[in-house]
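> Here is how the chains run, residue by residue.
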Amino acid sequence: MIDKRVGSPREAVAGIGDGDTVMIGGFGEAGSPIELIHALIDHGAGGLTVVSNNSGSGEVGLAALIRAGQVEKIVCSFPRSANSMVFPDLYHAGRIELELVPQGTLAERIRAGGAGIPAFYTPTAAGTDLEAGKERREFDGRMCLLERGLVADWALIKARVADWQGNLVYNKTARNFSPVMAMAGRTTVVQASSVIEPGGLDPEAVITPGIFVDHVVHVPKPHHESELVARGARYP
Amino acid sequence: MIDKRVGSPREAVAGIGDGDTVMIGGFGEAGSPIELIHALIDHGAGGLTVVSNNSGSGEVGLAALIRAGQVEKIVCSFPRSANSMVFPDLYHAGRIELELVPQGTLAERIRAGGAGIPAFYTPTAAGTDLEAGKERREFDGRMCLLERGLVADWALIKARVADWQGNLVYNKTARNFSPVMAMAGRTTVVQASSVIEPGGLDPEAVITPGIFVDHVVHVPKPHHESELVARGARYP
Amino acid sequence: MSGAVTGLTKHQIARRAARDIPDGSYVNLGIGMPELIALFIPDDREIVLHIENGLLGMGPSPEPGEGDPELINAGKKQVTTRPGAAYFHQADSFAMIRGGHLDLSVLGALEVAANGDLANWSTGREGAIPAVGGAMDLVSGVKAVYVLTRHCTRQGTPKLVERCSYPLTGPGVVDRIYTDLAVIDVTANGFEVVDLPPGVGFDDVAARTAAPLRDARPA
Amino acid sequence: MSGAVTGLTKHQIARRAARDIPDGSYVNLGIGMPELIALFIPDDREIVLHIENGLLGMGPSPEPGEGDPELINAGKKQVTTRPGAAYFHQADSFAMIRGGHLDLSVLGALEVAANGDLANWSTGREGAIPAVGGAMDLVSGVKAVYVLTRHCTRQGTPKLVERCSYPLTGPGVVDRIYTDLAVIDVTANGFEVVDLPPGVGFDDVAARTAAPLRDARPA
Numbered sequence: 010m011i012d013k014r015v016g017s018p019r020e021a022v023a024g025i026g027d028g029d030t031v032m033i034g035g036f037g038e039a040g041s042p043i044e045l046i047h048a049l050i051d052h053g054a055g056g057l058t059v060v061s062n063n064s065g066s067g068e069v070g071l072a073a074l075i076r077a078g079q080v081e082k083i084v085c086s087f088p089r090s091a092n093s094m095v096f097p098d099l100y101h102a103g104r105i106e107l108e109l110v111p112q113g114t115l116a117e118r119i120r121a122g123g124a125g126i127p128a129f130y131t132p133t134a135a136g137t138d139l140e141a142g143k144e145r146r147e148f149d150g151r152m153c154l155l156e157r158g159l160v161a162d163w164a165l166i167k168a169r170v171a172d173w174q175g176n177l178v179y180n181k182t183a184r185n186f187s188p189v190m191a192m193a194g195r196t197t198v199v200q201a202s203s204v205i206e207p208g209g210l211d212p213e214a215v216i217t218p219g220i221f222v223d224h225v226v227h228v229p230k231p232h233h234e235s236e237l238v239a240r241g242a243r244y245p
Numbered sequence: 010m011i012d013k014r015v016g017s018p019r020e021a022v023a024g025i026g027d028g029d030t031v032m033i034g035g036f037g038e039a040g041s042p043i044e045l046i047h048a049l050i051d052h053g054a055g056g057l058t059v060v061s062n063n064s065g066s067g068e069v070g071l072a073a074l075i076r077a078g079q080v081e082k083i084v085c086s087f088p089r090s091a092n093s094m095v096f097p098d099l100y101h102a103g104r105i106e107l108e109l110v111p112q113g114t115l116a117e118r119i120r121a122g123g124a125g126i127p128a129f130y131t132p133t134a135a136g137t138d139l140e141a142g143k144e145r146r147e148f149d150g151r152m153c154l155l156e157r158g159l160v161a162d163w164a165l166i167k168a169r170v171a172d173w174q175g176n177l178v179y180n181k182t183a184r185n186f187s188p189v190m191a192m193a194g195r196t197t198v199v200q201a202s203s204v205i206e207p208g209g210l211d212p213e214a215v216i217t218p219g220i221f222v223d224h225v226v227h228v229p230k231p232h233h234e235s236e237l238v239a240r241g242a243r244y245p
Numbered sequence: 003m004s005g006a007v008t009g010l011t012k013h014q015i016a017r018r019a020a021r022d023i024p025d026g027s028y029v030n031l032g033i034g035m036p037e038l039i040a041l042f043i044p045d046d047r048e049i050v051l052h053i054e055n056g057l058l059g060m061g062p063s064p065e066p067g068e069g070d071p072e073l074i075n076a077g078k079k080q081v082t083t084r085p086g087a088a089y090f091h092q093a094d095s096f097a098m099i100r101g102g103h104l105d106l107s108v109l110g111a112l113e114v115a116a117n118g119d120l121a122n123w124s125t126g127r128e129g130a131i132p133a134v135g136g137a138m139d140l141v142s143g144v145k146a147v148y149v150l151t152r153h154c155t156r157q158g159t160p161k162l163v164e165r166c167s168y169p170l171t172g173p174g175v176v177d178r179i180y181t182d183l184a185v186i187d188v189t190a191n192g193f194e195v196v197d198l199p200p201g202v203g204f205d206d207v208a209a210r211t212a213a214p215l216r217d218a219r220p221a
Numbered sequence: 003m004s005g006a007v008t009g010l011t012k013h014q015i016a017r018r019a020a021r022d023i024p025d026g027s028y029v030n031l032g033i034g035m036p037e038l039i040a041l042f043i044p045d046d047r048e049i050v051l052h053i054e055n056g057l058l059g060m061g062p063s064p065e066p067g068e069g070d071p072e073l074i075n076a077g078k079k080q081v082t083t084r085p086g087a088a089y090f091h092q093a094d095s096f097a098m099i100r101g102g103h104l105d106l107s108v109l110g111a112l113e114v115a116a117n118g119d120l121a122n123w124s125t126g127r128e129g130a131i132p133a134v135g136g137a138m139d140l141v142s143g144v145k146a147v148y149v150l151t152r153h154c155t156r157q158g159t160p161k162l163v164e165r166c167s168y169p170l171t172g173p174g175v176v177d178r179i180y181t182d183l184a185v186i187d188v189t190a191n192g193f194e195v196v197d198l199p200p201g202v203g204f205d206d207v208a209a210r211t212a213a214p215l216r217d218a219r220p221a
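Protein chains in written order, with the working numbering: chain R, 10 to 245; chain Y, 10 to 245; chain H, 3 to 221; chain P, 3 to 221.
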């Protein structure tokens, strides 16, 4: 029988090791697997490379993971937030490395990694400062850059419903990076608000097939990052 | 108002010109837009390059289009069929050109074309006869081939339900190439068994967003190719 | 420089731009002034709004208390959906952008150059946190790029220039600029004024533009 | 060559291979003999069958009259689904394959070489219609590749060879071979027999194999 359920966020992230690369879903708070991130803070693995579109807000979730000093490098399209100085402070202190990637190139690099495509060409960022160090090549009269697929040791994502086999559906724009990160993570962990028996999801409407998922954790009422930030919460 | 409905398959394909490239959905009969293909036969455009996974069966649908002499070249992964000599006869007579592409590379090239990726590297077919003429390059110790994105003047596909804006859902394994062809066609025509008002599809379950679709034709009871072939039908 | 001139408010700029978006367009509105365009789409047109974090068919802001923190736009504000909406993941969203499926991207600017170069992601200032988001993808992929911006900075420095001094978002990408003082096309011959609001003269605009300007208004 | 020997039927070969597929595996079964494996999955195991035309969770053939011509497998035969099934498009399906997400691909063969080279898509014969389907994607992407085949052709020619004479599907890709006469691992040292059916001796197999063969059966 295929049953990918584990009992707690703590168990789900227990295998993350120092120096691992961890993809973390979400665009802002939408889709951010905040309970899994907090479990990773408790777990304590350090020297991590985090791949995530943003750098977190307030002092919870991803911002708290960064503040805890566990993140050595972040691969990111928009590491600025109106309400968090965690990343800027560490960045200015030279204590965290940033690889800045255009959002669409980031998404495509993650998909490519998950799809076994080692590299692709894109016109995005050609002729800008972000082409530094990248191979340039013209196709059909347009200058393009060679971009590499991204894979990660772990992907931590959030879903609305998971079945025991790891088939997933998401909630609205919280879907964002999660389906491609699920593909690119060697081990993919999902926290789902609802966990059901196989057969409960319409096969036509499954967004992430279970083959991409390793561990399913039931987190019935996940925190909303904006609510935690609004009331000045800190983790831990 | 956005209303992409047109009155008939004939109107939907009327713009196809001699020498155009036409992607045609389907894996075997599943997803093959047979009424649109028959309309293209009636329309008569010739010198076409067809991109499709197979070469048709019997003497209806894609096989009939080929037999009509309208196809100059086919880009295809599996142009053999147990019950059709249409393609083999023309191929042996030197009257149709074949570009043979592994199925996954074909799907990825179509997606790449639709996604604005001009080229990508894949390990598929490296070290085989199908690498002839392709650029080789090693990534992470694996030999890969450079493959180009594919776009087409037209994509002809079949869906289960379309709304007026062109949002689509499919039927089971008839989905196959249609979503990526919808992306890669400059003009995408869909025949749908059911056509409904916008708002009738669950936004979480839409497979092809309407942005990829240009014309929607209602074909309430599409023919099944295998049934036509079983009774020896020919088109026209 | 000519004397004081009163141009459009930011809402008026957005309204002016909205007038030019054809019925049936698929449009991405950038954060800030471009977002305001959504308020001014004429009733007789259906424009499908794309947000790059994964939605086609964005509707207005929710009523207070009705929103979902997981239904947000690129500016991370809560939004709603319209009939015909569809959700998709980031790679599919940027396939739409990069693949040229969107008709129009409307963005803000730090500077626009007469050759269409756009700078809007970084001041290049020492110590600033670099952050690019989807801007480079949008300008390189979408069929047409409009810029909405004040004609000059708060300090009065022209934002329309011969050559950008800030790092580029993309080279040669801007098609048209809507400012408080003018509607300006970016052409092979540089900036061309195609429309002016009441009370603004061509010379007022030329005096506040740091690049040659042609008057291309219909006679 | 040694005398007549009776090996396994094709159903018995499929049953033997099914025994070795671990619980919880994601598996793609090629057209022909590999398809038969689906009939012999032990009751106490859950194996998720992938079909490259867009389904995970393939079930058995439908009852007569119950099938849907749009729910077919790669061999274009009608199938059903199991609880937990999911449909997806071709690019996503081959992302699973190419990205190394499937545990096992089981394919037929024209020839397998001692270095793991597989030939199964073309006889290279003049005038044959070349057709490759998903075979090259499968062998280059999936974590493990098993071959199910008769040990020799109908003419008695060995299919396990030093070097393939037919065009390759992929170089160095085969991990294990199940034939009517043996289970053979492809190792850095070439072919190694790991199991024999009752009534078949190592020498019987060696005599019908056109490459060196080591006996690696557990003592």
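Calculated from the structure, these hints are not laboratory results. A hint or two may mislead.
Claimed, not checked - Okay, the calculated beta carbon distance ranges per label pair: (1) P:177 <-> R:152: 51 to 57 Å; (2) H:34 <-> Y:143: 51 to 57 Å; (3) Y:91 <-> R:55: 57 to 63 Å; (4) R:98 <-> Y:150: 38 to 44 Å.
What the hints assert, rightly or not - Distance condition first, Cα-Cα at most 25 Å in a straight line; then the derived PhoX-like pairs of lysine-lysine: (5) R:143 <-> Y:143; (6) Y:143 <-> Y:82; (7) P:12 <-> P:79; (8) H:79 <-> H:12; (9) Y:82 <-> P:12; (10) H:12 <-> R:230; (11) R:143 <-> R:82; (12) H:12 <-> H:78; (13) Y:230 <-> P:12; (14) P:78 <-> P:12; (15) R:230 <-> H:78.
The structure presented is a predicted model; accordingly, all values stated were derived computationally and were not measured. Glycine included, every Cβ here is placed at the ideal spot set by N, Cα and C.
> Each hint should be assessed against the structure and marked as holding or not.
Going through the hints against the structure:
| no. | hint | verdict |
| --- | --- | --- |
| 1 | P:177 <-> R:152: 51 to 57 Å | 43 Å, violated |
| 2 | H:34 <-> Y:143: 51 to 57 Å | 45 Å, violated |
| 3 | Y:91 <-> R:55: 57 to 63 Å | 60 Å, holds |
| 4 | R:98 <-> Y:150: 38 to 44 Å | 40 Å, holds |
| 5 | R:143 <-> Y:143 | 22 Å, holds |
| 6 | Y:143 <-> Y:82 | 19 Å, holds |
| 7 | P:12 <-> P:79 | 19 Å, holds |
| 8 | H:79 <-> H:12 | 19 Å, holds |
| 9 | Y:82 <-> P:12 | 39 Å, violated |
| 10 | H:12 <-> R:230 | 41 Å, violated |
| 11 | R:143 <-> R:82 | 19 Å, holds |
| 12 | H:12 <-> H:78 | 21 Å, holds |
| 13 | Y:230 <-> P:12 | 41 Å, violated |
| 14 | P:78 <-> P:12 | 21 Å, holds |
| 15 | R:230 <-> H:78 | 21 Å, holds |
Of the numbered hints stated above, those contradicted by the structure are hints 1, 2, 9, 10 and 13, listed in ascending order.
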